[in-house]
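Asks: The residues making up each chain are set out below.
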Amino acid sequence: MFGRILRKSLSKRKSRIAIAVVSVIMGAAIATALLSVSMDVSEKVGYEFRKYGANLMVVPKSDTIEVGFPGVDFGSVTEQRYINESDLWKIKTIFWRNNVLGFAPLLYQVVSVGYGENEQNVVLSGTYFNKDVEIIEPYSSEDDTVFNTGIQAISPWWNIDGSWIDNPDDDKSSMVGVNVAEKLDLKIGDTFTINYIQNYEDIQNVTLYELIVAGIIETDGNEDNQIFVNLQVAQNITGRIDKVHTVQVSALCNACPVDTFASEIMEKIPYVEARTVKQLVSAEMNILGKIEDMMFLVTIVALLASALGVMTTMTTSVIERKKEIGLMKSVGAENKRIVFLFLSEAAIIGVIGGIAGYVIGFVLSQFIGMSVFSTSIAPRLEIIPIVIGISVGISLLASILPVRRAVSVEPAIVLRGE
Amino acid sequence: MSSDIIRIKNITKQYDEKTRALDNLSLSIKKGEWTSIMGPSGSGKTTLLNIIGCLDSPTGGNIFINGTETTALNQTELTRFRRENIGLIFQQYHLVPYLNAVENVMMAQYFHSLVDENDAIEALKRVGLDHRLDHVPAHLSGGEQQRVCIARALVNEPRILLADEPTGNLDQKNGDIVLKLILELHREGHTIVLITHNPQIGDMGQNKVVLVDGKINAKKLLLGGK
Numbered sequence: 005m006f007g008r009i010l011r012k013s014l015s016k017r018k019s020r021i022a023i024a025v026v027s028v029i030m031g032a033a034i035a036t037a038l039l040s041v042s043m044d045v046s047e048k049v050g051y052e053f054r055k056y057g058a059n060l061m062v063v064p065k066s067d068t069i070e071v072g073f074p075g076v077d078f079g080s081v082t083e084q085r086y087i088n089e090s091d092l093w094k095i096k097t098i099f100w101r102n103n104v105l106g107f108a109p110l111l112y113q114v115v116s117v118g119y120g121e122n123e124q125n126v127v128l129s130g131t132y133f134n135k136d137v138e139i140i141e142p143y144s145s146e147d148d149t150v151f152n153t154g155i156q157a158i159s160p161w162w163n164i165d166g167s168w169i170d171n172p173d174d175d176k177s178s179m180v181g182v183n184v185a186e187k188l189d190l191k192i193g194d195t196f197t198i199n200y201i202q203n204y205e206d207i208q209n210v211t212l213y214e215l216i217v218a219g220i221i222e223t224d225g226n227e228d229n230q231i232f233v234n235l236q237v238a239q240n241i242t243g244r245i246d247k248v249h250t251v252q253v254s255a256l257c258n259a260c261p262v263d264t265f266a267s268e269i270m271e272k273i274p275y276v277e278a279r280t281v282k283q284l285v286s287a288e289m290n291i292l293g294k295i296e297d298m299m300f301l302v303t304i305v306a307l308l309a310s311a312l313g314v315m316t317t318m319t320t321s322v323i324e325r326k327k328e329i330g331l332m333k334s335v336g337a338e339n340k341r342i343v344f345l346f347l348s349e350a351a352i353i354g355v356i357g358g359i360a361g362y363v364i365g366f367v368l369s370q371f372i373g374m375s376v377f378s379t380s381i382a383p384r385l386e387i388i389p390i391v392i393g394i395s396v397g398i399s400l401l402a403s404i405l406p407v408r409r410a411v412s413v414e415p416a417i418v419l420r421g422e
Numbered sequence: 635m636s637s638d639i640i641r642i643k644n645i646t647k648q649y650d651e652k653t654r655a656l657d658n659l660s661l662s663i664k665k666g667e668w669t670s671i672m673g674p675s676g677s678g679k680t681t682l683l684n685i686i687g688c689l690d691s692p693t694g695g696n697i698f699i700n701g702t703e704t705t706a707l708n709q710t711e712l713t714r715f716r717r718e719n720i721g722l723i724f725q726q727y728h729l730v731p732y733l734n735a736v737e738n739v740m741m742a743q744y745f746h747s748l749v750d751e752n753d754a755i756e757a758l759k760r761v762g763l764d765h766r767l768d769h770v771p772a773h774l775s776g777g778e779q780q781r782v783c784i785a786r787a788l789v790n791e792p793r794i795l796l797a798d799e800p801t802g803n804l805d806q807k808n809g810d811i812v813l814k815l816i817l818e819l820h821r822e823g824h825t826i827v828l829i830t831h832n833p834q835i836g837d838m839g840q841n842k843v844v845l846v847d848g849k850i851n852a853k854k855l856l857l858g859g860k
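The listed protein sequences derive, respectively, from chains X and Z. Residue numbers for the first sequence follow our numbering, beginning at 5 and rising by one. Residue numbers for the second sequence follow our numbering, beginning at 635 and rising by one.
Calculated from the structure, these hints are not laboratory results. Please read all numbers here as calculations on a predicted model, not as lab measurements. Backbone N, C-alpha and C define an ideal beta-carbon position, used for all residues, glycine too. Take these hints with a grain of salt, some might be off.
Just some of the chain Z residues that point at chain X, by a computed CB distance under 7 Å [said to hold, decoys possible]:
#: 1; residue: N684
#: 2; residue: T710
#: 3; residue: T713
#: 4; residue: R717
#: 5; residue: N719
#: 6; residue: H728
#: 7; residue: M740
#: 8; residue: Y744
#: 9; residue: L748
#: 10; residue: V749
Here chain Z is said to cover these stretches of chain X; the calculated rule only asks that three of the stretch's residues, wherever they fall, bring their Cβ under 8 Å from a Cβ of chain Z [claimed, not checked]:
#: 11; stretch: 129–136
#: 12; stretch: 383–393
Starting from the given sequences, assemble the full structure and let the hints guide the process.
Replies: This is how it looks when you write it as structure tokens:
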């Protein structure tokens, strides 16, 4: 009988119930969308930031000798040191290894580049473009033993005219910075020569090497003045086998402090220093925190608006049904039965609003994901019970005052028509 | 005294300083009696009926119904006592508009104890509404609605039936049908307390009480009833 009363009472007042359900839907949809985005946003924003380059720089530890005498400072002399390429796999064996999105070693050398009648001194940078690095001793037996990485992974924002060098064994291709290409009048497909003079006092020891322009790089940074080749090519030309100067690491740091990354890398490769790009990291954290705060506030406001909507509808419902409540009491309904009836209606409004709100909120989250982060937001099933729970909770809370009003109905008065 | 099913001792109902609906009123009603309450508007008839029906409480005095002092019960106990002992028939019928005839009767069962649709249908058959079981109040005539109200009052087999001008909103024909039903219930042994403005109906029971300004102005033993 309770079911019949509930069903018929709800269907009799469809338009009123619809208003309450719509109120809940709005709150639930916004809660769903922002919860979904919030759960994804740290990751998404993290990835967005990662598109703008590395946030960790690994360099060899160096001994520095201050040069000068009292009162006169000539700066410092630093012994040139290298990182062994054969140790780089260890970066992928730290505790937070899954948050290492990529790394790219760099070996620099100033070389003389000749094309036609033009000649220019340019920094030649050897790196990984798209390299499968073998993880010799993975952190866990479940980890992959191969990690594909390179400058493409950590700097996807570079503007490339032509193509990347996809083959790590390609010893003929190069990617030329746009300023170098302009000065030497180099175009894609052109072949040019580099001269590496190993010893200025022995002019006979010159290495000549021919390279083809596979792509022209434009970054508006130092890269525009460099020529990039596969690391192996740079090592062979300069005779620095297995050596690199620095390693740029792109780490996704939402749950973990980037400083932890740095210290873990230093543990794995003791002769290096890992430096965080502090400014970028703190900006990331700051923005992430602000986005989450804003989403939380918007959700609270939306849920408050929902609660007001439900409260208004329920109050109107109680006023309209005063006689019905009085009658129920007169035929023996205890207050708890009246409370149960109204709270059941509120719970149904909450469940319907919560389910519909989840669906609409999911669509909304896709819209936010696509328009703000240019990516879809993954559906999260764990949000469904949370949103339905919140919706039912809001509906029940918003019904407390109206239900108190229902309980205070005096049958003798309302049945007399006063 | 022991056969009094309703015993009212010096009850007073004061709404505010100026408004006293009942003034030191005492009355005893025996089990199975029909008592008619008459009087001008504002004389306290409905207040008295509401207090007997545990819908309202007096500000002074005591009431004993079926041996229980209802003036000593709290709100929840009054509700329970009412549903166990009293059936209410209203002048305005007060049916739930979205429930059909059977469901309106079943609702009283639901708040009383267990719902039995067959018993509800039987109660409606008894008041001659077996052809209107699934009609909602809006599709029933005034007389039919009042008969649903009587079926609802009967379904839990209360000892006492309280009727507040049950024929007041009905035409002669429907009024006669309803009155006949109440007479039948009285013959079956129900204690009836009925408010009416109609002198003929007022003379039908064993007692007639006339109220004026919250006091019993006249009390008359009649030969009517069974």
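Asks: Next step is simple, just say for each hint if it's right about the structure.
Replies: These are the hints, each one checked on the structure:
no. : hint    : in the structure
1   : N684    : 4 Å, holds
2   : T710    : 6 Å, holds
3   : T713    : 5 Å, holds
4   : R717    : 3 Å, holds
5   : N719    : 10 Å, violated
6   : H728    : 5 Å, holds
7   : M740    : 5 Å, holds
8   : Y744    : 4 Å, holds
9   : L748    : 9 Å, violated
10  : V749    : 4 Å, holds
11  : 129–136 : violated (count 0)
12  : 383–393 : violated (count 0)
When each numbered hint is compared with the structure, violations occur for hints 5, 9, 11 and 12.
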